[in-house]
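Trainee: These are the residues of each chain, in order.
Number of protein chains: 2
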Amino acid sequence: MLPVAVDAMGADRGPAEIVAGARQAATELGIPVVLVGQPDALGDTGGLEVLAASEVVDMHDDPAGAVRRKRDSSVVKAAEAVRDGRASAMVSAGNTGAAMASALLRMGRIKGVQRPAIATTLPVPGSPVPTILLDSGANSECSAAWLAQFGLMGAVYASARFGVAEPRVGLVSIGEEASKGTALVKEAHALLARPGWFDGAGGRFIGNVEGRDALTDAVDVMVTDGFTGNVILKTLEGGVKTLVNAIVAAMNSSEEAKQASEALVPALLPLYIEMDPDTYGGAMLLGVDGVCIISHGKSSARAIVNAIKLAADMVAADLVGRLRDAVGQALPAD
Amino acid sequence: MLPVAVDAMGADRGPAEIVAGARQAATELGIPVVLVGQPDALGDTGGLEVLAASEVVDMHDDPAGAVRRKRDSSVVKAAEAVRDGRASAMVSAGNTGAAMASALLRMGRIKGVQRPAIATTLPVPGSPVPTILLDSGANSECSAAWLAQFGLMGAVYASARFGVAEPRVGLVSIGEEASKGTALVKEAHALLARPGWFDGAGGRFIGNVEGRDALTDAVDVMVTDGFTGNVILKTLEGGVKTLVNAIVAAMNSSEEAKQASEALVPALLPLYIEMDPDTYGGAMLLGVDGVCIISHGKSSARAIVNAIKLAADMVAADLVGRLRDAVGQALPAD
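These protein sequence lines map, in sequence, to chains A and B. Going letter by letter, the first sequence gives residues 1 to 334 in my numbering. Going letter by letter, the second sequence gives residues 1 to 334 in my numbering.
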């Protein structure tokens, strides 16, 4: 397999954390990796191949402008490595918008895809299969046809990544009935419900779902526009964090509570790991002509290992080819 | 004070639960109450006044149609009692859409209000002041001018209900910068940021906020369209429920964990009460010409007591008069 191109720059914890994850993926999982970044900034790469890039897009850069101006930045070079057949996939934990723009501009879209979408995984406590949410923020305004295509791409991804046989695809609305929601949602509902729409993708449409279904196993793929999807993601991140902090504070509120809590740690640890965003490694930009993983800016080395593994798995599963087939076989999107 | 009209019909737990809450509010808090419903269905009313209504709007009725057809339903009669000066406020735990439509059609809008909005309270662990979210579902599609007005109404409500001196009003978007979000959000941002916009309402605009701020004290009033607001509300409800269930399951996963958990109950109880939706009693329909509290369909007697107390408090605080002044003093909304 061609190496996975890992953008080593621009993440919150600095290049050392990314390099540590890349080294671990190479030595422990045997996945070939090429680091992309400023060679002087990378520290000990443990012999990993390095693709030199002189510039860095940072978190505050305007994504589209930065990708145009900083042609020798690590994130742009990582996308070019995939385009040029020097890498099998890219992983970036830097500026999300820049990773998206680089992938879109350098790799291009899969034929037939109207807009790429960011697919994130939401943990479902007690279930090995998380819920996939897309679009989580690539397109803040969407057409109904794009949403219908997100449904196809999400179904292919759920099946390629988690082995779901016939992924249940739901449309985010504010009530179960087809009559609920905005004009956009009603129109997308009609497109997703067309007989045969999912034939090439292997999923099935289960109608509208609501925000409350996100962390449950009621649905495999939640389709929505990038504004609503990003709001759902941030609301869950914030809500879980607030609640966990409040519980931890209560657990430390007295000596007696502290002792009781220590006895509970073994029981709570599996849930903690399930809910930890690092467990899933990153989001997938679906619809570009190559595998592109966008990791959280705060990613730990463990998150990077998981992102590289995900990238390699999706290359091996030929995710891009399966997306191309599903989109190509589908009815006209509008 | 005129009595609070309590719609006794159409809630999930049946009239007995509502009547129990109404009796408790009357006897323990001394708040005058008139029950509205089918006299035979109410059971022992403990001597509370009853306003007879022969019809019931149930949870599955189409709201607008039901309000037109069922003119003698309890929810319509409750709204009429406020309009006719026989009651000071209405409380309903029945069909939300029907309560909204009844209030809007029978009480009308406050002069100058373009659209009423549902304001819900989101608990902030450790803080006595929750976050107010509006619109939580009254208008799935909104104009920027409506959102700007929701900001005013939310500020007045935060101040009338929680005594917040200068409520911080944030606009829900997917990034802090004014350039982030949909065209609607950018336009609303410009309207909310106009100098003098909040002069009559007493709040101040702090710019964009994100879903992650909902359960924190970073903001007092979160403004958004009814689709996004409802998605935030349902996502939080579902997320908190899923997480709490998973924690409870972990706490019961072994004999040792069970014992440790029992010792933790006193420490966790205050948080549990804070997070319990019944604590806040209900949502407020802001912008109609009367006090209208919309409680959750699953409301317990405790939730109804809190809703009736909230109604009485908002009548005493002259919420409607303060909203009228704030909206009347504001610049043109668009």
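Note that these hints are calculated values from the structure, not bench results. If you're wondering where the values come from, they're calculated on a predicted model, not measured in any experiment. Treat each hint with caution, since some may be false.
For chains that are exact copies, the list does not tell them apart, and a pair is met inside one copy or across any two.
Here are the computed lysine-lysine pairs in the DSS-like style, where the Cα-Cα straight-line distance is at most 27 Å [to be verified]:
id, residue 1, residue 2
1, 298, 180
2, 298, 309
3, 241, 180
4, 258, 180
Trainee: Taking the hints in turn, state whether each one holds.
Mentor: Checked hints:
Taking the shortest Cα distances, residue 298 and residue 180 sit within 27 Å of each other only across copies (21 Å), while inside one copy they are farther apart (37 Å). In this assembly of identical chains, the alpha carbons of residue 298 and residue 309 lie at most 27 Å apart only when taken from the same copy (18 Å versus 45 Å across copies). Taking identical chains as interchangeable, the C-alpha atoms of residue 241 and residue 180 lie at most 27 Å apart only when they sit on different chains, with a minimum of 24 Å there against 31 Å within one chain. Taking the shortest Cα distances, residue 258 and residue 180 never come within 27 Å of each other, neither inside one copy (47 Å) nor across copies (43 Å).
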